[in-house]
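Dock chain D against the given chain B, drawing on the hints supplied.
Residues per chain, in single letters:
Number of protein chains: 2
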Amino acid sequence: MISRVMSAELAEHAGQRVTIAGWVHRRRQLKSVSFLVVRDRTGLAQAVTARDLPGEESVVEVTGTVTASPQAPGGFELVAPEIEVLAEPCTAPPFDLYRPEPGATLPTILDHAPVALRHPRLRAPLEIAAAGVAGFRETLDGLGFTEIHTPKIVGSATESGANVFGIDYFGRPAYLAQSPQFCKQAMVGVFERVYEVGPVFRAEPHDTVRHLAQYTSLDAELGFVRDHRDVMAVLREAMAGMLESVRRRAASAAALLGATLPEVPAEIPAIHFTEAQRLTSSEEPDLSPAQERRLSEWALREHGSEFLFVTGYPMAKRPFYTHPDPARPGYSNGFDLLFRGLELVTGGQRLHAYADYVAALAARGEGTEAYEGYLQAFTYGMPPHGGFALGLERWTARLTGAANIRQVTAFPRDLHRLSP
Amino acid sequence: MISRVMSAELAEHAGQRVTIAGWVHRRRQLKSVSFLVVRDRTGLAQAVTARDLPGEESVVEVTGTVTASPQAPGGFELVAPEIEVLAEPCTAPPFDLYRPEPGATLPTILDHAPVALRHPRLRAPLEIAAAGVAGFRETLDGLGFTEIHTPKIVGSATESGANVFGIDYFGRPAYLAQSPQFCKQAMVGVFERVYEVGPVFRAEPHDTVRHLAQYTSLDAELGFVRDHRDVMAVLREAMAGMLESVRRRAASAAALLGATLPEVPAEIPAIHFTEAQRLTSSEEPDLSPAQERRLSEWALREHGSEFLFVTGYPMAKRPFYTHPDPARPGYSNGFDLLFRGLELVTGGQRLHAYADYVAALAARGEGTEAYEGYLQAFTYGMPPHGGFALGLERWTARLTGAANIRQVTAFPRDLHRLSP
Numbered sequence: 061m062i063s064r065v066m067s068a069e070l071a072e073h074a075g076q077r078v079t080i081a082g083w084v085h086r087r088r089q090l091k092s093v094s095f096l097v098v099r100d101r102t103g104l105a106q107a108v109t110a111r112d113l114p115g116e117e118s119v120v121e122v123t124g125t126v127t128a129s130p131q132a133p134g135g136f137e138l139v140a141p142e143i144e145v146l147a148e149p150c151t152a153p154p155f156d157l158y159r160p161e162p163g164a165t166l167p168t169i170l171d172h173a174p175v176a177l178r179h180p181r182l183r184a185p186l187e188i189a190a191a192g193v194a195g196f197r198e199t200l201d202g203l204g205f206t207e208i209h210t211p212k213i214v215g216s217a218t219e220s221g222a223n224v225f226g227i228d229y230f231g232r233p234a235y236l237a238q239s240p241q242f243c244k245q246a247m248v249g250v251f252e253r254v255y256e257v258g259p260v261f262r263a264e265p266h267d268t269v270r271h272l273a274q275y276t277s278l279d280a281e282l283g284f285v286r287d288h289r290d291v292m293a294v295l296r297e298a299m300a301g302m303l304e305s306v307r308r309r310a311a312s313a314a315a316l317l318g319a320t321l322p323e324v325p326a327e328i329p330a331i332h333f334t335e336a337q338r339l340t341s342s343e344e345p346d347l348s349p350a351q352e353r354r355l356s357e358w359a360l361r362e363h364g365s366e367f368l369f370v371t372g373y374p375m376a377k378r379p380f381y382t383h384p385d386p387a388r389p390g391y392s393n394g395f396d397l398l399f400r401g402l403e404l405v406t407g408g409q410r411l412h413a414y415a416d417y418v419a420a421l422a423a424r425g426e427g428t429e430a431y432e433g434y435l436q437a438f439t440y441g442m443p444p445h446g447g448f449a450l451g452l453e454r455w456t457a458r459l460t461g462a463a464n465i466r467q468v469t470a471f472p473r474d475l476h477r478l479s480p
Numbered sequence: 061m062i063s064r065v066m067s068a069e070l071a072e073h074a075g076q077r078v079t080i081a082g083w084v085h086r087r088r089q090l091k092s093v094s095f096l097v098v099r100d101r102t103g104l105a106q107a108v109t110a111r112d113l114p115g116e117e118s119v120v121e122v123t124g125t126v127t128a129s130p131q132a133p134g135g136f137e138l139v140a141p142e143i144e145v146l147a148e149p150c151t152a153p154p155f156d157l158y159r160p161e162p163g164a165t166l167p168t169i170l171d172h173a174p175v176a177l178r179h180p181r182l183r184a185p186l187e188i189a190a191a192g193v194a195g196f197r198e199t200l201d202g203l204g205f206t207e208i209h210t211p212k213i214v215g216s217a218t219e220s221g222a223n224v225f226g227i228d229y230f231g232r233p234a235y236l237a238q239s240p241q242f243c244k245q246a247m248v249g250v251f252e253r254v255y256e257v258g259p260v261f262r263a264e265p266h267d268t269v270r271h272l273a274q275y276t277s278l279d280a281e282l283g284f285v286r287d288h289r290d291v292m293a294v295l296r297e298a299m300a301g302m303l304e305s306v307r308r309r310a311a312s313a314a315a316l317l318g319a320t321l322p323e324v325p326a327e328i329p330a331i332h333f334t335e336a337q338r339l340t341s342s343e344e345p346d347l348s349p350a351q352e353r354r355l356s357e358w359a360l361r362e363h364g365s366e367f368l369f370v371t372g373y374p375m376a377k378r379p380f381y382t383h384p385d386p387a388r389p390g391y392s393n394g395f396d397l398l399f400r401g402l403e404l405v406t407g408g409q410r411l412h413a414y415a416d417y418v419a420a421l422a423a424r425g426e427g428t429e430a431y432e433g434y435l436q437a438f439t440y441g442m443p444p445h446g447g448f449a450l451g452l453e454r455w456t457a458r459l460t461g462a463a464n465i466r467q468v469t470a471f472p473r474d475l476h477r478l479s480p
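Protein chains in written order, with this note's numbering: chain B, 61 to 480; chain D, 61 to 480.
Worth flagging that the hints you see were computed from the coordinates, not collected in a lab.
There may be inaccurate statements among the hints.
Examples of chain D residues toward chain B, derived with CB under 8 Å [said to hold, decoys possible]:
no., residue
1, F95
2, I213
3, G215
4, T276
5, A413
Source: prediction; values computed, not measured.
Beta carbons are placed, not taken as given, at the ideal position from N, Cα and C, and that holds for glycine.
With the rest of the complex left out, here is chain B (with noise of 0.2 Å):
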């Protein structure tokens, strides 16, 4: 490896000659010196000489004394450097890497997305997503959670019907997986609690700031729960494990986009959807955003949380294998949770009995035969189970935010972006 100090370590390093290597952030060239700030991957560093410097974002190795420098990034630059310079640019960014906003619109961000991410600004949101992510992990793996890994290419349009992408499969038609759902569900079967990380699907024929037609989904499914609190519970814990995580490994890129992190309640406040709809005056079978957000208002106003559980949405508004519940028929045992006045993350309690799930098509008009593989697993003696279903990106962008999903994502899919 190019031997190499960090330039978060150069103050380890005072009074030694060391090299750094990264990216040239920015170069000023006064009349008798300039200045060099280099970037690597864990911030910034000053070099001063007075010869001619390379250019914005040449790749350099610089080797210069550590020396004590109040106005330097960190308090330390490098003096009497030399400087080699490993690969230089042919062309300019669109824009100026080095001033504290990104000058551009978010299509030549996007368009530019390669060297755009490099601003520090819209690095951060990734990193914070990779902190939230590995916390999710630890956490359930900490549960006794089994990570999965399952088929992102289906056989059948089956779980939504609508918004899916079709594949041509060696001469046969398949479809791109909208979500792990059935297979989670069956592999309770096998290892009671398990997650995936992954990318689904949907063919969103909608050009709006919060969707995308691959998003990466945090899904969860565990067994041997009384009903959809104890997934609650879990989804709880999850949520508290991303966040401390983001606090612990992330917390300069939070710092840096002034990300207020969220405290999460030892118990969330959870509403009925009846509460909820009559808490907005509200007689529909769904929530609208807008009542999302006054939902949102009020448990901040009346419990100080950030986060609100709403139970119980119309069984006719949600998924068919959704478990109703025995004591209000009509009424789920299914969740959203809120987060700053969006949804953030839907999950409930799921059948678990075969003869349920044919009845619960049967009264939706449909047969089994398109779900045979999926009805296979309740055949065979399945526990009462629940699970949910995070977006990152989603979560990132109301963690940070960010007014566009799109901002939060590396390199985003949608109705018009197939690249870079």
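Same frame as chain B, but now just chain D:
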């Protein structure tokens, strides 16, 4: 949550009345006494009673008094049990799950995966895979890598040209990504060191024991390397971390399968391709499976290592983005890692200068048009870098001695199989 103790914890509750929950793994009704073996995610537990017992794969809660019993799994059993049935199967499994070996052919097993994977020997490889992936991430996190998630839908079929799945992408043609190669290289410009664990797709028209249409690729890529040897050093760490994780997290699964976990030498032996040719008396520009086996035997004999790096494969046999060996043009800075006679990992140093990409494509008679999104990263200054990709299922198969990769994949996808 259903209040229960896990079967593996019975010994800690000797003399107490506790509840376990799981599936009826086996029932044996003798004249005066019946044995009920319950399977949960931690193992097996036995209850002894005089009553009639629910059938295999019934989901049960069993409350009884924990009593020492040398013949019982774990040395303890539940006596005077009350049994509650949570769910009953409506079909018998296609083979007995309680027999030590699954008594079914591979097609039967795959057709009935949701129940077949409940067999301890069929579940074990998936436990080992999960442990391996956890170790992979742990190791790379510790080395300053950042996890990324890249698009699985791409606009052009450029990386290898053949064997891609076509998608109807909002009326436009698109393709399933064969690897995150291009994106992970671009992200070296952002994070220097990145990894991804995710699905990749190959429209393999051949029906072999080594290939699937979808598999889980463990990809890593890192910048500021001197050459491919730095990449090999990181791969060595990742491999050791994966195996250490299996020892720590899935030792009983490995023991059940009789899998011998290899030692990873502090430095894995490495030989140049020309030396590999000489040792196998070959002049072919690539290594055949038979040669790979002979080389592995040689490494074990000469170096006591089950791992062997072969470096310097001819440029003509490697992808266009491969970095040549500056000292021996015609040979590459690419490598394979052989393990127990099989190529397990492919990697190498990549080109990093934009002009070198243009020249490499021209030398293969290709223009840059189809690669624009990819090549963009290299116009902005990229450090010397390299990486590798490891197929999770192939790793698991090799480690557990599975003859067919489908034996270690939950729901495999191939030429013939799209369900379950």
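Now for the hints, and whether the structure bears them out:
no., hint, verdict
1, F95, "violated (19 Å)"
2, I213, "holds (5 Å)"
3, G215, "holds (4 Å)"
4, T276, "holds (5 Å)"
5, A413, "holds (6 Å)"
In summary, the one numbered hint that this structure violates is 1.
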